[in-house]
Each structure stands twice: as C-alpha cells, then as structure tokens.
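J.: Sequence:
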Amino acid sequence: MSRIGKTPVKIPKGVTVTAKGQTLSVKGPQGNLDFEVPAAIQFKVEGENITFTRTGESGEVRALHGTARAMTANMLTGVSVGFTRTLDIVGVGYRAAVKGDVVDLTLGFSHPVSYKLPAGVKAEVDKDGKLHVKSASKALLGQVASDLRSFRPPEPYKGKGVRYLNEKITLKEGKARGKGK
Numbered sequence: 001m002s003r004i005g006k007t008p009v010k011i012p013k014g015v016t017v018t019a020k021g022q023t024l025s026v027k028g029p030q031g032n033l034d035f036e037v038p039a040a041i042q043f044k045v046e047g048e049n050i051t052f053t054r055t056g057e058s059g060e061v062r063a064l065h066g067t068a069r070a071m072t073a074n075m076l077t078g079v080s081v082g083f084t085r086t087l088d089i090v091g092v093g094y095r096a097a098v099k100g101d102v103v104d105l106t107l108g109f110s111h112p113v114s115y116k117l118p119a120g121v122k123a124e125v126d127k128d129g130k131l132h133v134k135s136a137s138k139a140l141l142g143q144v145a146s147d148l149r150s151f152r153p154p155e156p157y158k159g160k161g162v163r164y165l166n167e168k169i170t171l172k173e174g175k176a177r178g179k180g181k
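For the record, in the sequence shown the residue sitting at position 128 is 128 according to our numbering, with numbers rising by one throughout.
Keep in mind that a hint or two might mislead.
Unchecked claim - Here are the simulated distance ranges between beta carbons:
#1 E46 with V81: 17 to 25 Å
#2 V102 with E48: 39 to 47 Å
#3 Q42 with V113: 44 to 52 Å
In case anyone wonders, no lab produced these hints; they're calculated from the structure. On a predicted model such as this, the values are computed, not experimentally measured, just so you know. Don't be surprised by glycine CBs; every beta carbon is placed ideally from N, CA and C.
Build out the structure end to end from the sequences listed, making use of the hints.
T.: Structure (structure tokens):
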C-alpha cells in the first residue's frame, strides 16, 4: 500500500465535501475547488475523514493512489486556510504594483511587464517590495508564481531578478581582472 495514499484525510471545520461520481467538490471560506479522482481509485467520505483505496497493484495505479490523496489534502487545506507564495524582487529600480487583477512589474526592461492574474488568485505588495500571491489552489498558485518569476529569473552574477522568498542563489565570481601570468 502507498504510505501516503492509505492515510485518511481529515476534513477541517467549516469545510463541506460532496462527492458525485468520481468528482470530489470541496467548499470552504477561501473558495470552492473540484477534483476528478482517477477511475482506478475509489474514495469514501465517512464523517470527518476521506479514505482512498486502489483497485489494482500496477505502478501507475499505485502512483495515482498517493496523488489523489495528496491533491485532496491540498484542496482541503486551500479552501480552509489558503496558500501563499512570496516573491522577492531584487534589483535597483525593480518593483511590482498590483492594480485590480493585474500585476505590473518593472524589471529593467524598456517597458513594464503586465501579468493578468487568473480567477481565484490574489496578489499584494507589502512595504518592503515583496509580492505576496495567494490562492486556494496550490497547483494554480505554483504556476502563477513560476510565471511571474520567469519574466526575470535571478541572474548568477549579482542575483538581480525575481526569486522566491528564501531561495538560495549561488553567485558566480566575476571575470578575474588584473591577474598576472
């Protein structure tokens, strides 16, 4: 058995779970999410727990077992508490501004970069210039954070660019100048 897949998922307070066929719908204070459970995985909603069982023992089915349980656990956490990803913008003149559902980034290009946030994702900039992206869906949040980072990933010489909070950048040494033969 999958060690992750066999562990039951506890339903938090204030979250309602409905099952219709192989679709699992979760509703909470942070929003609504749906997940289509693969056909090879069976699930039961019993009181405060959701349990998952698999129909076969092939490698693919065993992988789907843990994935279905992890996706459901992430959905429950997302609609009850939500997920946050913080991006640190490093560089002179580099900054972000949020106007409605559009993030405007000034990243040293000749033009500002505008990124329209998808539905279900919110962003805000704090006084330190850090960009906080929030969503109930962990997968959507990771994709949005990756898209924002891809506009100007941290460069290896000075470390300028958009990076995740606490991301370690290994800086390279510059060209050796004035070394004798």
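J.: Indicate, hint by hint, whether the structure satisfies it.
T.: These are the hints, each one checked on the structure:
no.	hint	result
1	E46 with V81: 17 to 25 Å	holds (23 Å)
2	V102 with E48: 39 to 47 Å	holds (40 Å)
3	Q42 with V113: 44 to 52 Å	holds (46 Å)
Figure legend: structure checked against the earlier numbered hints; every hint is met.
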